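Number of protein chains: 2
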Amino acid sequence: MLAGFSRRQLLTLIGMTAGSAAMYQAMTSLGLAVESGYKGRIKLEGDPKGASVLILGAGLAGMVAALELRQAGYKVQILEYNSRPGGRNWTLRGGDTYTELGGATQKCEFDEGLYINPGPWRIPYHHNGLLDYCKRLGVTLEPFQQLNHNAFLHSTEAFGGKPQRVRDIKIDFQGHVSELLAKVTQKGKLEGDVGKEDQEMLLEALRSWGALDKNYAYVKGLTSSEFRGFAKDPGGGLGAEPVPSDPIALTDILKSQLWGNLANFALYEFQTTMFQPVGGIDMIGKAFAKEVGDLITFNAKVTKIEQNDKGVMVTYEDVSKPGATQQASADWCICTIPLSILSQIDINVGAPMKAAIDAVPYVSSVKVGLQFKRRFWEEDDLIFGGVSYTNLPITQISYPSTGFNAGGKGVLLGCYTWGGPSSYELTSMAPEERVRKAVEYGSQIHPQYKDEFENGVSMAWHRSPFTLGCAGDWTEEARKEHYDNLCQIDGRIVLAGEHASYIPAWMEGAILSSLDAIDRLHKRVLKG
Amino acid sequence: MLAGFSRRQLLTLIGMTAGSAAMYQAMTSLGLAVESGYKGRIKLEGDPKGASVLILGAGLAGMVAALELRQAGYKVQILEYNSRPGGRNWTLRGGDTYTELGGATQKCEFDEGLYINPGPWRIPYHHNGLLDYCKRLGVTLEPFQQLNHNAFLHSTEAFGGKPQRVRDIKIDFQGHVSELLAKVTQKGKLEGDVGKEDQEMLLEALRSWGALDKNYAYVKGLTSSEFRGFAKDPGGGLGAEPVPSDPIALTDILKSQLWGNLANFALYEFQTTMFQPVGGIDMIGKAFAKEVGDLITFNAKVTKIEQNDKGVMVTYEDVSKPGATQQASADWCICTIPLSILSQIDINVGAPMKAAIDAVPYVSSVKVGLQFKRRFWEEDDLIFGGVSYTNLPITQISYPSTGFNAGGKGVLLGCYTWGGPSSYELTSMAPEERVRKAVEYGSQIHPQYKDEFENGVSMAWHRSPFTLGCAGDWTEEARKEHYDNLCQIDGRIVLAGEHASYIPAWMEGAILSSLDAIDRLHKRVLKG
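Which chain is which? The protein sequence lines are F and Y, in order.
Heads up: the first sequence begins at 1 in full-length UniProt numbering, then just goes up one per residue.
Heads up: the second sequence begins at 1 in full-length UniProt numbering, then just goes up one per residue.
Pulled out of the complex, with its shape left as it was, chain F reads as follows (with noise of 0.2 Å):
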């Protein structure tokens, strides 16, 4: 800090001298602003001199590293085992087919512009790497609507099995808790904990933060209601009087155990202002493909990889013509493959990173796409987007974020699971079983699953033969212990994903991974 000048004086010097984006850095660097794990736009300056670089794998973190190496210009060259691009940032539309290891294969049946993302599918606001990505890259997007106060929290064990609707266990849970701890400070019982004064402005504000009536009390009446609703609500004209509904008591709201999804709404990674891409996530991918899908090779599955002092050869097999073996060389090599397939391949790393590869398992993983007839959820239950959850194995239902109001049929996310029994049980089961079975439960929460439910489609992650699993579950443990390993360049060789990143499971994750990776390898490649 200048001495004699407050941050504020400071601030605006240099905003007067440099201009708001010099200031927004120094505000940055004064500690008002988070610092972010994208560090801007990567700059890779110096020449690399011809050197090459062979990427394998194109999703995101592949595509991120094959766009900015041949734009400091390497020559670059990309093996996937799909046929198409994205790896998991991947769509499900009327048309597609999906054939998971078994052999089973499904057509996806759903009606022109209706979808399932049946991997990644929300962006938070502070992954800014993907979204200044999706800036330059023109990705389009639109809100996800992760809270919704009007869909259900359900619990076979609690109400009789009636679905909760999540603004009335959030604000009765934040309201009890309120007036409780109003009763005792105003009895004096917080004792040191806080300051008299501070006492009269926490009940003040407990009053207003938790619906309390004038006497501190959560209770029925319209201060309460107009938080959580009325029993029926205010209208126009004769008889349109307002009428308050009952809070849940706080007993009942505790027995049922759903307070504990409240966190799945608050949670940094789940805040609002959240984003999808305009017509499914696979937007970003095809966004990216349509920069690097010229250094694409498709349908290479990657057999064995081997370096030495000059370079790196990795021979691959072409899935559509079985048996016939390829190979393709270059200076270096960015394997971005799954460490779930990768821990299979034959590779020569020293041993820490092997270790660091074998040591990570991947997590289970189940979402069901269920296409119905006409938005029920928002013609009858006037649920617009967000989340339920329910203690059901389909664990959520996640309703469409956008079409809104406009009628007509619909897919709902009505089963994702996320490691866990459920997750096993389900993807041990047949595609259409899985389906059958999403159905079966979700009509518990919404009964009109029975009359309209047209078709579906499941995807079952740990049988996926490009990834065998979701995405890298990192225990506390693995991660002292291999991270940084798995991170290092091994001679020749790099690995970036989201499974090489603090962010596991988030594009964000694979796209910062890769941006650290090719900077690194740069620098390499520099120092020659």
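Mixed in with the good hints, there may be bad ones.
Note: identical chains are not told apart, hence a pair may lie in one copy or across any two.
In silico lysine to any residue, SDA-like type, Cα no more than 25 Å apart, as pairs [what the hints assert, rightly or not]:
1) K162 to E109
2) K43 to L238
3) K183 to T251
4) K43 to L468
5) K255 to P352
6) K220 to L262
7) K310 to K523
8) K301 to D346
9) K39 to R520
10) K527 to E204
11) K301 to T140
12) K480 to V219
13) K232 to W474
14) K301 to L262
15) K409 to R524
FYI, nobody ran anything at the bench for these hints, they're computed from the structure.
Since we're looking at a predicted model, the values are computed, not measured.
For chain F, the structure is supplied; the task is to place chain Y on it using the hints.
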């Protein structure tokens, strides 16, 4: 309830025999759903036998009445003061001009595609009447962001005037409250308020909900940072470990009074999922006008409303040809003129209705739209939609809920007051002075304002020639004494509009009021 049947069994039975729509009706009647002020699409059955209705005002209330009454067989005409339909349902775009009382004319200079909504601008998910008309009339909706965790809460009296992220105030307050309540619970101080078994669940719930650590403390660490965000976000590759952030102390939050803004995000009226029409709020008024525009006489300033037992005669002046009065008559009259104006018009209704018309003052409100060279709130501050609140006279800054992450110019709602001294003070200024003030105040929150500002437009509702204020400002006492008298049919005249509803200032109030009025009027007409 049928004897021997549980609710669930009954519902299943209904569902099986009568389908899901019938089941939903049954769920509603069993208390599983909220009773809306909107009773579904209105059915005006029975022949009005050529009866005619004169509607005063082509705002939403007037156009709803026109649409439904014409369809029911009435002869309908509308008189409208403005030269456009919609009333307060209105959008200002580049090229539009507006002359306020006092004669000052503004020309809006926004770039193509940019706008502000000087009046209503957002739609709660439970405003079923409005949503249903949007659906019927083909108005495309998109989500309106009210709560953005990354927007600011600002007070000149707190944190040295430095804006705080909504996220930090919201999550830290919840964390501290949870910690305090957990502490007294552990010390056994809740006594009889919470049963022993519930206390253990309460502790568990507070830990989850309040982001407490294993000792029930709300402290710096990964647990709290997973909610409030990090000092350094997690990244990819090497050196990517997240760094936890420091929570704000409870005493600082309490003293800041910033907690007072949190209710703005939790109220039933402001909860997710909210909507706005794509392209501006006046898409709604325009959609109505597409249906009933042929019935509207524009530029018609009503000066007298007379009724006798045969019909209603209205005298009006063509404001484009001052001095020339004209007359219109019909069997019945639906008057949607704001009470602030109507109270100054000669109208021969009974004393109770006249007293009601005179009893309701109108809220003062000012909005200012500001165009900037770039969307710095997104680019620099990662604020995508939502509202920042401040104790400055501008009260709030609202960021556009559309065009996210695409760059280019943008228009902020740079001021939105609702009552209070600021509204009067700003109203007393010339339009360009309001804009200048909004820029000056706003730059305390966004220093980028000074470099990036281009042009602005302001709306002070108390200077609006067609409303003389923003919306009816009912007190509880006034409602008791006058509300029913206002809504009764007086002879051949019935009033409608947001002022004749329990949802003042909202478009839904105007619509529900109108539906109730025409429903009663129609019954009266059929009785003969």
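Regarding K43 and L238, is the shortest C-alpha distance of 25 Å or less found within a copy, between copies, in both, or in neither? between (67 Å within a copy, 18 Å between copies)
Can you tell me if K43 and L468 fall within 25 Å by alpha carbon in one copy, between copies, both or neither? Result: close neither inside a copy nor across copies, 34 Å intra and 57 Å inter.
Quick one: K301 to D346, C-alpha cut-off 25 Å, is that within a copy, between copies, both, or neither? within (13 Å within a copy, 85 Å between copies)
Which holds for K301 with L262 at a C-alpha limit of 25 Å: within a copy, between copies, both or neither? neither (43 Å within a copy, 53 Å between copies)
Given identical chains, is K255 near P352, meaning Cα to Cα at most 25 Å, within a copy, between copies, both, or neither? Neither: 48 Å inside a chain and 53 Å across chains, both beyond 25 Å.
Between the shortest in-copy and the shortest cross-copy C-alpha distance, which are at most 25 Å for K39 and R520: within, between, both, or neither? Within one copy only: 14 Å inside a chain, 64 Å across chains, cut-off 25 Å.
Taking 25 Å as the upper bound on the Cα-Cα distance, should K162 and E109 be classified as within, between, both, or neither? neither (32 Å within a copy, 54 Å between copies)
At 25 Å max between alpha carbons, let me know whether K220 reaches L262 within a copy, between copies, both or neither. Answer is both; intra-copy 22 Å and inter-copy 21 Å each pass.
From the Cα coordinates, with 25 Å as the cut-off, is the pair K183 and T251 best called within, between, both, or neither? Answer is both; intra-copy 17 Å and inter-copy 19 Å each pass.
Go through the copies and call it for K527 and E204: within, between, both or neither, with a Cα cutoff of 25 Å. Close neither inside one copy (63 Å) nor across copies (55 Å); limit 25 Å.
When Cα atoms must be at most 25 Å apart, do K301 and T140 count as within-copy, between-copy, both, or neither? For K301 and T140, neither the intra-copy (32 Å) nor the inter-copy (45 Å) Cα distance is at most 25 Å.
Given a CA cutoff of 25 Å, do K480 and V219 count as a within-copy pair, a between-copy pair, both, or neither? Classified as between: cross-chain Cα gap 23 Å, same-chain 50 Å, threshold 25 Å.
The structure fails hints 1, 4, 5, 10, 11, 14 and 15 (numbered hints given earlier, in ascending order).
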